[in-house]
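Each residue of the sequence shown is one higher than the one before, counting from 1 in my numbering.
It is possible that part of the hints are untrue.
Stated by the list, open to error - With a Cα cut of at most 30 Å, we get these calculated DSS-like pairs of lysine-lysine: (1) K280 / K166; (2) K132 / K40; (3) K679 / K723; (4) K687 / K723; (5) K166 / K287; (6) K576 / K147; (7) K287 / K271; (8) K530 / K98; (9) K280 / K307; (10) K740 / K767; (11) K542 / K657; (12) K132 / K113; (13) K758 / K701.
Stated by the list, open to error - Okay, the calculated beta carbon distance ranges per label pair: (14) P150 / K98: 28 to 34 Å; (15) R729 / E193: 32 to 38 Å; (16) R100 / F286: 51 to 57 Å; (17) K701 / G484: 15 to 21 Å; (18) E129 / T660: 47 to 53 Å; (19) I109 / P150: 16 to 22 Å; (20) P354 / G733: 55 to 61 Å; (21) P91 / A23: 57 to 63 Å; (22) M137 / G312: 17 to 23 Å; (23) K679 / K767: 21 to 27 Å; (24) M137 / K116: 26 to 32 Å; (25) G205 / E564: 50 to 56 Å; (26) V84 / K116: 54 to 60 Å; (27) K40 / L107: 56 to 62 Å.
Note that these hints are calculated values from the structure, not bench results.
Note that the Cβ used here is the ideal one computed from N, Cα and C, for glycine as well.
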Amino acid sequence: MSDKHGISTDDMVAMTDVEDEFADMMERCNIHNFKWRRRKRRYIFDDADIPREAEYLKGLLQDNNQRLEPTLFKKLDGVTFSHVFGTNISPLEQFIIKRRIMGPCWLEIKEVKMNKIQETWCKLEYQVENPKACNPMRDRDGNMITKGPPLVIMSLRLKTVANVQKNTNEIVAASVIVMNQVHVDGASETEQEPETSFTVVRPWGKEFYPDDFDLFVGREDHVNHFQIVPQRNENALLNYLIARIHLCDPDIIVGHNFTDFDLDILLHRLKEHNVPHWHKVGRIKFKDWPKLQSGPGGMQNTSSQEKRALAGRIICDTYLASRDLVRAKSYQLADLARSELGILHEDVKLANVPQIYENSKSLVEFLNRLAFEAFLAMSIMNKLQILPLTKELTNLAGNLWSRSMNGSRSDRNEFLLLHSFHEGKFILPDKEYRMDSQPAILKTSNTGDQDSESDTSRKIVTEAQSSTTYSGGLVLEPKRGLYGEYVLLLDFNSLYPSIIQEFNICFTTVNYCEQENNENENSVPLVPGKSVPTGVLPKLVKMFVDQRRKVKQRLLDPSLSNTERLQCEIKQQALKLTANSMYGCLGAAHSRFYAKSLAKLITSEGRRILQDTVDLAQDLGLNVIYGDTDSVMVFTQSGSLQQARLVAQQLQNEVNKRYTLLEIGVDAIFKRMLLLQKKKYAALAVKEKGNGELIETIETKGLDLVRRDWCDLSRDVSLDILKIILSERSAEGIVEEVHKILRTIAQQVRSNAIDLEKFVIIKQLTKNVNEYGNSRGHPHVEVAKRMRQTGAGVKAGDTIPYIICREKTDTLGKYRMSVAERAYSPDYVKSGARKIDLEWYLAHQVHPPVVRLCAPISETDVVQLAECLDTVNYQIKQPSATSKFSLNAPSLKMDTASRYHTVEKFAIQ
1 MSDKHGISTD DMVAMTDVED EFADMMERCN IHNFKWRRRK RRYIFDDADI PREAEYLKGL
61 LQDNNQRLEP TLFKKLDGVT FSHVFGTNIS PLEQFIIKRR IMGPCWLEIK EVKMNKIQET
121 WCKLEYQVEN PKACNPMRDR DGNMITKGPP LVIMSLRLKT VANVQKNTNE IVAASVIVMN
181 QVHVDGASET EQEPETSFTV VRPWGKEFYP DDFDLFVGRE DHVNHFQIVP QRNENALLNY
241 LIARIHLCDP DIIVGHNFTD FDLDILLHRL KEHNVPHWHK VGRIKFKDWP KLQSGPGGMQ
301 NTSSQEKRAL AGRIICDTYL ASRDLVRAKS YQLADLARSE LGILHEDVKL ANVPQIYENS
361 KSLVEFLNRL AFEAFLAMSI MNKLQILPLT KELTNLAGNL WSRSMNGSRS DRNEFLLLHS
421 FHEGKFILPD KEYRMDSQPA ILKTSNTGDQ DSESDTSRKI VTEAQSSTTY SGGLVLEPKR
481 GLYGEYVLLL DFNSLYPSII QEFNICFTTV NYCEQENNEN ENSVPLVPGK SVPTGVLPKL
541 VKMFVDQRRK VKQRLLDPSL SNTERLQCEI KQQALKLTAN SMYGCLGAAH SRFYAKSLAK
601 LITSEGRRIL QDTVDLAQDL GLNVIYGDTD SVMVFTQSGS LQQARLVAQQ LQNEVNKRYT
661 LLEIGVDAIF KRMLLLQKKK YAALAVKEKG NGELIETIET KGLDLVRRDW CDLSRDVSLD
721 ILKIILSERS AEGIVEEVHK ILRTIAQQVR SNAIDLEKFV IIKQLTKNVN EYGNSRGHPH
781 VEVAKRMRQT GAGVKAGDTI PYIICREKTD TLGKYRMSVA ERAYSPDYVK SGARKIDLEW
841 YLAHQVHPPV VRLCAPISET DVVQLAECLD TVNYQIKQPS ATSKFSLNAP SLKMDTASRY
901 HTVEKFAIQ
């Protein structure tokens with residue numbers, strides 16, 4: 001107990017003392033109907049001073065008209081207590097956790113009363129006094145009934161134009177496609193015809209439409225199945241759009257970049273025109289407008305208040321979802337349509353809209369394209385199975401479907417653990433609200449290497465990163481070179497989740513709290529003993545692993561229909577993603593369940609396991625050439641595939657003997673391999689089809705050609721050269737063919753035989769455009785600034801395409817302007833306003849990646865490769881780590897034999 005000055009005394013505290021102090025405290029705060037019960041509870045999170053099990057007072061505020069201020073208990077000094085938990089937990093979280101609602105499901109609701117004054121736009125509205133009257137419905141086996149009713153899905157696509165005089169983005173047209181009776185528990189339906197489709201438009205720049213436009217109005221386009229609905233101005237357009245949204249009453253609104261662009265602009269324009277019943281865009285009758293972004297709209301990330309305007313409807317943003325689920329150089333709608341749907345579509349450029357309105361033909365074509373973009377967003381949603389996958393993930397985690405749809409992996413992890421620990425009668429850790437926290441992006445096994453900047457940007461568009469770091473996975477120093485015989489890639493299946501399960505690592509099993517503030521990087525908690533009961537985390541991982549195994553076993557059933565097979569694929573993918581994300585919530589500082597010591601223990605065991613595997617392989621006489629976190633590469637020194645498989649089986653058997661749940665397996669077999677440095681290699685992978693036929697494919701990791709900040713020209717040349725290097729040619733043959741390719745490409749570039757699209761470079765903004773100080777070193781920022789001037793919404797995380805051009809009056813190779821100042825959008829270059837700087841591309845986009853690929857080949861070097869390209873602007877300021885040559889070196893004046901007389905002949909290992 002503490003005295004009135006806050007100084008601890010030796011007096012013992014009885015529970016009656018705590019009850020008396022709480023009663024007095026509630027009275028002083030004018031809080032009535034506050035009741036409590038005594039309960040035994042456990043607390044095992046982040047504070048060693050709190051006993052792991054103790055008697056607590058469980059308080060309940062029974063007056064629905066009163067609410068505890070979140071900071072109330074932080075302001076009051078307790079004499080008989082030291083901690084108060086749960087003061088900042090939202091009523092929504094309390095409801096979901098207490099009622100054990102695991103995602104979208106059917107609820108049985110009793111004791112309902114019809115509201116006399118409706119607060120929503122729903123057809124029926126009831127209220128319930130007691131939360132306990134709401135419970136998930138369950139089947140005979142006690143499982144929640146999660147198969148939902150058919151939903152109404154609306155795809156909404158807006159087209160906006162910048163009004164420079166008013167500094168606003170205005171809406172000139174909106175296309176809508178509505179699908180009724182859509183079932184989202186299985187495969188998304190792609191063949192269903194839309195129930196409603198229309199495009200509403202208003203004049204731009206004038207008060208009237210082209211003369212013959214009325215011929216196209218009011219009738220359905222029998223080719224594209226949509227109707228054109230003209231309105232006299234933006235105010236009328238908005239009123240019509242809101243009325244149709246209310247009439248269709250969609251459960252889910254689909255859009256591409258809807259969350260951070262279209263939604264903000266829509267709300268800005270609704271407020272500007274003071275549209276009555278603007279809140280019909282959602283389902284709640286809000287009295288006040290949400291706080292909107294400053295500026296013309298659509299220029300920053302949408303606020304939580306703006307998203308709340310759509311409460312009652314779920315937003316499916318295919319731009320955000322696609323960034324999580326697929327790997328692409330660009331996530332613009334036209335680029336995804338090409339890569340995911342195989343559909344060629346050209347975006348309607350904002351700058352072209354005034355010209356489009358000059359005649360009916362161009363205007364109708366524009367509206368056709370806009371309607372098609374609404375269709376594309378719906379199609380991408382179906383192709384990526386966004387709805388069934390996010391619903392499945394939500395049912396596993398027990399959070400809100402809307403949060404999963406926004407890609408909030410951290411939210412899913414948090415609710416999964418909240419449900420699990422609440423079930424075990426643990427007191428849950430309080431939520432800390434940070435200004436810098438960001439929603440996490442759902443990552444799948446599809447994610448791969450991008451440009452170096454994208455790793456940084458992911459911090460901005462996804463999670464707030466910890467300022468306190470710890471050692472991650474073990475990465476071995478690679479034995480660089482070109483390997484001409486079989487190389488094995490073996491990896492541990494789901495290493496970190498398996499470690500959690502193998503070593504019983506959990507808050508409940510590891511005495512980790514004392515380690516949390518230990519600054520000694522080598523200080524790691526002890527692994528629990530064999531007698532320690534299984535913890536919550538290992539049980540969760542086991543449950544997901546067992547469920548996934550059953551689903552994968554069912555996939556082997558040949559009698560499954562295509563729909564059933566796809567449902568199983570979605571289920572097993574959701575289980576895999578959920579299990580693999582368990583470690584992430586422990587190591588992320590923003591996480592409610594952050595436990596650095598547990599994360600350190602897991603990665604420490606991972607490093608030990610990988611090193612033990614390497615040692616074991618070497619004891620077996622095998623040559624380990626590289627290892628990274630959960631995988632090892634073994635050079636078999638054999639040209640026989642059968643012998644390589646025997647080596648793999650031998651190592652697998654010996655490693656898997658050591659563990660109960662950890663399992664290593666063959667991930668790939670490489671016929672030839674180019675190992676350049678850590679996390680950078682290329683290889684010719686060999687896979688056997690069911691009929692015994694061998695398929696060879698090139699696999700790359702970390703190389704320039706998989707990064708988006710290298711143009712397609714660079715990628716194509718690099719890939720052609722990789723094919724040569726990984727072929728069975730001799731060393732001399734490889735060098736000869738590489739030089740030939742470079743000479744050919746140089747000639748094609750200079751003769752303008754390369755398509756303009758091959759010169760496009762794409763780079764991601766790591767922060768908002770106005771946050772860059774000096775943009776002269778950032779070409780994509782210069783282009784983004786020009787894009788914003790036309791009304792385009794660009795912000796942190798967006799990818800910007802650009803082309804480096806020559807100055808209008810330049811002498812070859814001599815420029816007054818920086819590279820960034822000579823960067824322009826592809827559309828601007830297509831107009832003929834600028835010419836591509838071909839020499840810059842040869843010197844800076846073709847030459848450097850080729851030099852890195854050829855680094856292990858002693859028969860050629862950086863100078864010879866430059867000579868093949870004849871890059872007049874090329875200059876080496878400093879020798880690279882892989883070359884001793886410089887263009888200014890005396891060796892350039894020597895003949896080839898003299899220049900390389902000390903070089904050993906290149907040999908393939």
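Hints, verified against the model:
1. Between K280 and K166 the CA atoms are separated by roughly 27 Å; this keeps the pair inside 30 Å, and the hint holds.
2. Between K132 and K40, the direct Cα distance comes to roughly 22 Å. Compliance with the 30 Å bound is thereby established for this hinted pair.
3. Straight-line distance between C-alpha atoms of K679 and K723 comes to about 20 Å, which keeps the hinted pair within the 30 Å bound.
4. Taking the CA atoms of K687 and K723, the gap is about 17 Å. The hint holds against a cut of 30 Å.
5. The straight-line distance between the Cα atoms of K166 and K287 is roughly 27 Å, inside the 30 Å bound, and the hint therefore holds.
6. Between K576 and K147, the direct Cα distance comes to roughly 21 Å. Compliance with the 30 Å bound is thereby established for this hinted pair.
7. Among the hinted pairs, K287 with K271 is consistent with the structure: their alpha-carbon atoms are about 13 Å apart, no more than 30 Å.
8. Pair hint K530 plus K98 does not hold up; C-alpha atoms about 33 Å apart against a cutoff of 30 Å.
9. Of the supplied pair hints, the one linking K280 and K307 holds, its CA atoms being roughly 13 Å apart against a limit of 30 Å.
10. Simply put, K740 and K767 have alpha-carbon atoms about 42 Å apart, too far for the 30 Å limit, and the pair is violated.
11. The hinted pair formed by K542 and K657 meets the criterion: a straight-line CA distance of about 20 Å does not exceed 30 Å.
12. Distance restraint check for K132 and K113: the Cα-Cα separation of roughly 15 Å lies within the 30 Å cut-off, and the hinted pair is therefore satisfied.
13. A threshold of 30 Å between alpha carbons decides the hint, and for K758 with K701 the separation of about 22 Å falls inside it, so the pair holds.
14. In this structure, P150 and K98 meet the distance hint of 28 to 34 Å, their C-beta atoms being roughly 30 Å apart.
15. At about 55 Å, the CB distance of R729 to E193 disagrees with the hint of 32 to 38 Å.
16. Between R100 and F286 the beta carbon distance is about 30 Å. The supplied range of 51 to 57 Å is therefore violated.
17. About 19 Å separates the C-beta atoms of K701 and G484, a value consistent with the hinted range of 15 to 21 Å.
18. For the hinted restraint 47 to 53 Å between E129 and T660, the CB-CB distance of approximately 51 Å keeps it satisfied.
19. Remark: the range hint 16 to 22 Å for I109 to P150 is upheld by a beta-carbon distance near 21 Å.
20. The beta-carbon spacing between P354 and G733, approximately 58 Å, falls within the hinted interval of 55 to 61 Å.
21. One distance hint, 57 to 63 Å for the beta-carbon pair P91 and A23, is violated here, with the actual separation near 24 Å.
22. Distance hint check: the CB atoms of M137 and G312 are about 21 Å apart, consistent with the given range 17 to 23 Å.
23. In this structure, K679 and K767 meet the distance hint of 21 to 27 Å, their C-beta atoms being roughly 25 Å apart.
24. Between M137 and K116 the beta carbons are some 28 Å apart, a value that agrees with the proposed interval 26 to 32 Å.
25. The hinted range of 50 to 56 Å is satisfied by G205 and E564, whose Cβ atoms lie roughly 54 Å apart.
26. Taking 54 to 60 Å as the suggested C-beta distance range, the pair V84 and K116 does not conform, at roughly 38 Å.
27. K40 and L107 have their C-beta atoms about 30 Å apart, which leaves the hinted 56 to 62 Å range violated.
Violated hints for the displayed structure, listed by number in ascending order: 8, 10, 15, 16, 21, 26 and 27.
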